[in-house]
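On the provided structure of chain A, position chain B as indicated by the hints.
Chain order of the listed sequences is A and B.
When we follow UniProt numbering, the leftmost residue of the first sequence carries the number 1, and every step to the right adds one.
When we follow UniProt numbering, the leftmost residue of the second sequence carries the number 1, and every step to the right adds one.
Hint data in this document are derived by calculation from the structure and do not stem from the laboratory.
Beta carbons: idealized from backbone N, C-alpha and C, even for Gly.
Hints should not be assumed to be uniformly reliable.
Claimed, not checked - Examples of chain A residues toward chain B, derived with CB under 8 Å:
no., residue
1, 51
2, 78
3, 98
4, 102
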Amino acid sequence: MSIEIRNIKKNFGQFSALNDVSLDVPSGELVALLGPSGCGKTTLLRIIAGLETPDSGNILFHGNDATERQVQEREVGFVFQHYALFRHMTVFENVAFGLRVRPKHTRPSDAEIKRRVHELLELVQLDWLADRYPPQLSGGQRQRIALARALAVEPKVLLLDEPFGALDAKVRKELRRWLRRLHDELHITSIFVTHDQEEALEVADRVVVINRGKIEQIGTPQEVYDHPVSPFVYQFLGNVNQFDSHIHQGSAQVAGVDLKLDAHEDTQNTPALAFVRPHDIEIYNTQKTDRIGFEAIVRYVNAVGPLVKVELERNDHTELIEAELTQERFRELKLTPAQHVHVYPRNVRVFAA
Amino acid sequence: MAKQKNILPGFNLSLGFTIFYLSLIVLIPLSAAFIKTTELSMPEFWEVITAPRVVASYKLTFGASLVGALINAVFGLLTAWVLVRYKFPGKKLIDAIVDLPFALPTAVAGIALTAVYSANGWIGAWLEPLGIKVAFTPIGVIVALTFIGLPFVVRTVQPVLEDLEAETEEAAASLGANRWQTFVKIIFPAIGPALLTGFALAFARAIGEYGSVIFIAGNMPMVSEITPLIIITKLEQYDYAGATAVAVVMLVISFVLLFAINGLQWWSNRQRTAAN
Numbered sequence: 001m002s003i004e005i006r007n008i009k010k011n012f013g014q015f016s017a018l019n020d021v022s023l024d025v026p027s028g029e030l031v032a033l034l035g036p037s038g039c040g041k042t043t044l045l046r047i048i049a050g051l052e053t054p055d056s057g058n059i060l061f062h063g064n065d066a067t068e069r070q071v072q073e074r075e076v077g078f079v080f081q082h083y084a085l086f087r088h089m090t091v092f093e094n095v096a097f098g099l100r101v102r103p104k105h106t107r108p109s110d111a112e113i114k115r116r117v118h119e120l121l122e123l124v125q126l127d128w129l130a131d132r133y134p135p136q137l138s139g140g141q142r143q144r145i146a147l148a149r150a151l152a153v154e155p156k157v158l159l160l161d162e163p164f165g166a167l168d169a170k171v172r173k174e175l176r177r178w179l180r181r182l183h184d185e186l187h188i189t190s191i192f193v194t195h196d197q198e199e200a201l202e203v204a205d206r207v208v209v210i211n212r213g214k215i216e217q218i219g220t221p222q223e224v225y226d227h228p229v230s231p232f233v234y235q236f237l238g239n240v241n242q243f244d245s246h247i248h249q250g251s252a253q254v255a256g257v258d259l260k261l262d263a264h265e266d267t268q269n270t271p272a273l274a275f276v277r278p279h280d281i282e283i284y285n286t287q288k289t290d291r292i293g294f295e296a297i298v299r300y301v302n303a304v305g306p307l308v309k310v311e312l313e314r315n316d317h318t319e320l321i322e323a324e325l326t327q328e329r330f331r332e333l334k335l336t337p338a339q340h341v342h343v344y345p346r347n348v349r350v351f352a353a
Numbered sequence: 001m002a003k004q005k006n007i008l009p010g011f012n013l014s015l016g017f018t019i020f021y022l023s024l025i026v027l028i029p030l031s032a033a034f035i036k037t038t039e040l041s042m043p044e045f046w047e048v049i050t051a052p053r054v055v056a057s058y059k060l061t062f063g064a065s066l067v068g069a070l071i072n073a074v075f076g077l078l079t080a081w082v083l084v085r086y087k088f089p090g091k092k093l094i095d096a097i098v099d100l101p102f103a104l105p106t107a108v109a110g111i112a113l114t115a116v117y118s119a120n121g122w123i124g125a126w127l128e129p130l131g132i133k134v135a136f137t138p139i140g141v142i143v144a145l146t147f148i149g150l151p152f153v154v155r156t157v158q159p160v161l162e163d164l165e166a167e168t169e170e171a172a173a174s175l176g177a178n179r180w181q182t183f184v185k186i187i188f189p190a191i192g193p194a195l196l197t198g199f200a201l202a203f204a205r206a207i208g209e210y211g212s213v214i215f216i217a218g219n220m221p222m223v224s225e226i227t228p229l230i231i232i233t234k235l236e237q238y239d240y241a242g243a244t245a246v247a248v249v250m251l252v253i254s255f256v257l258l259f260a261i262n263g264l265q266w267w268s269n270r271q272r273t274a275a276n
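Next comes chain A alone, as it looks inside the complex (with noise of 0.2 Å):
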């Protein structure tokens, strides 16, 4: 089922949680809500669950209003960040639950429930548990649980608050690929709230990077990495050297480095900010007359993993710069701290302050 989000508003108080947000979500599709925590991504998740109301705007369930509809008909799954398992059932029942509190007349019968039941945990392959309670059970299997228990009765969107926030990071990342498959085996319309940019950029099939209630950019993983539209954006997603720079006539200050810019043409003299990934910085021992770049001094290297990290202090001692290279190219310059070198950024990125 797809999901229109047209014009949501929400404050809490003073505060503006949500700041007009629109949204499509196509049926079928897993989408992130990224940002920083407060953000409003969580009031946003709350508010297409039913959980909360928003002050103005309207959500649309496969084109139809549901805004004023309640949580319990919007046939909903929600998940939530600490489980909200119940306690005091075993974990049959917590799965059982929304099949048991149906009316009447269209609650299935106990040999159903029980066949519907076991089919849910087999798929969360918790099976083996359905006579524990939830204190028992480790936080990972606690969600996968709650999963089930939010597809137990055939939710039409599943909605997931930092699913994965209250694991430790091994059972993180081995989640977030369950999760992946798992949506790939029932095509059911998903969006899940996430601070970890990681976790978004690995999992879903697009990106919704939040920031103070509004929505910065949307696009596929590979998009919002690769073409980011604002200096939050640059920031939020991976690692970034950030500089002050200026633009002026088409050309911008980076670093004591000019560097010609493809727009700009008729801006004087403006402050901008300058964004350089770590892997884009390239490491040279001689200077290369062909390129422009500047002299630094390495000031500390961490070589633990597949790539080194480099932490660089320009010349003229204004910043510190980070930057990443491959083991191998590591050994070829034979960097120590101390040692001089020539720097040479490609990709940079200047936004307009």
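Chain B alone, transformed into the frame defined by chain A:
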């Protein structure tokens, strides 16, 4: 077996002191009641504790206490619910008023209740034409016992209700449960044990209550005379053995009831955390 090392020091000392203290304050005085009773022969003892006037007082004391505790369980839960779930002006004041029956000298409560519920009192005057007499009847006893038991239920349920995750209720709603189903299947099982504790405390307090009851009860033999009053009456007649005999009966019944409630609590706790 190797001696288990305990991180907290002084286990032996503190356990010893606890037992000594409990003995001094609780067990020795209670056993004195039993010992004093032995001054009576078995038939005498039996005669005292089964005298019709005494039996009627048991029925009133335990019956009225039970009704009072039940009323408190219902309306105490409601009060706790309102105090936890809603914001309204004067909430702090109402929260403080709940404790009043704790703090008020019971005699004051008794006089106040009598004044209000007697035939010419504020409320009694309205009930009188309807043929309902509260003061100087068993209903009056129930009113007094309800009054003094209220804080127990509110104060035990309130913190549990506050700790209840709003998310579990939202989860229930998103799964299609209406408010009533959410309350019965999600909220009530969570606060059940606390409610039972509050009920037990209110019940126990009501059984032992004296001060607030004797004013409003009227103390008519066979009708509105509570067991503690019987004990006092016997003491005033220097019938110490008879007084302790009745006291022993109360003690045993109270003990059995509390034991049963504790057992129920233990059982319901096991239900919640079963299969560990």
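Status of each hint after checking the structure:
Restraint check, residue 51(A) versus chain B: the minimum CB separation of about 5 Å is within 8 Å; hint holds. The restraint placing residue 78(A) at the interface with chain B holds, with a minimum CB-CB distance near 4 Å, inside the 8 Å limit. With 8 Å as the threshold, the beta carbon of residue 98(A) comes within range of chain B, its nearest partner Cβ sitting at about 4 Å, so the hint holds. Contact between residue 102(A) and chain B, as hinted, is supported at the beta carbon level, the nearest pair being about 6 Å apart and thus within 8 Å.
Taken one by one, the earlier hints all hold for this structure without exception.
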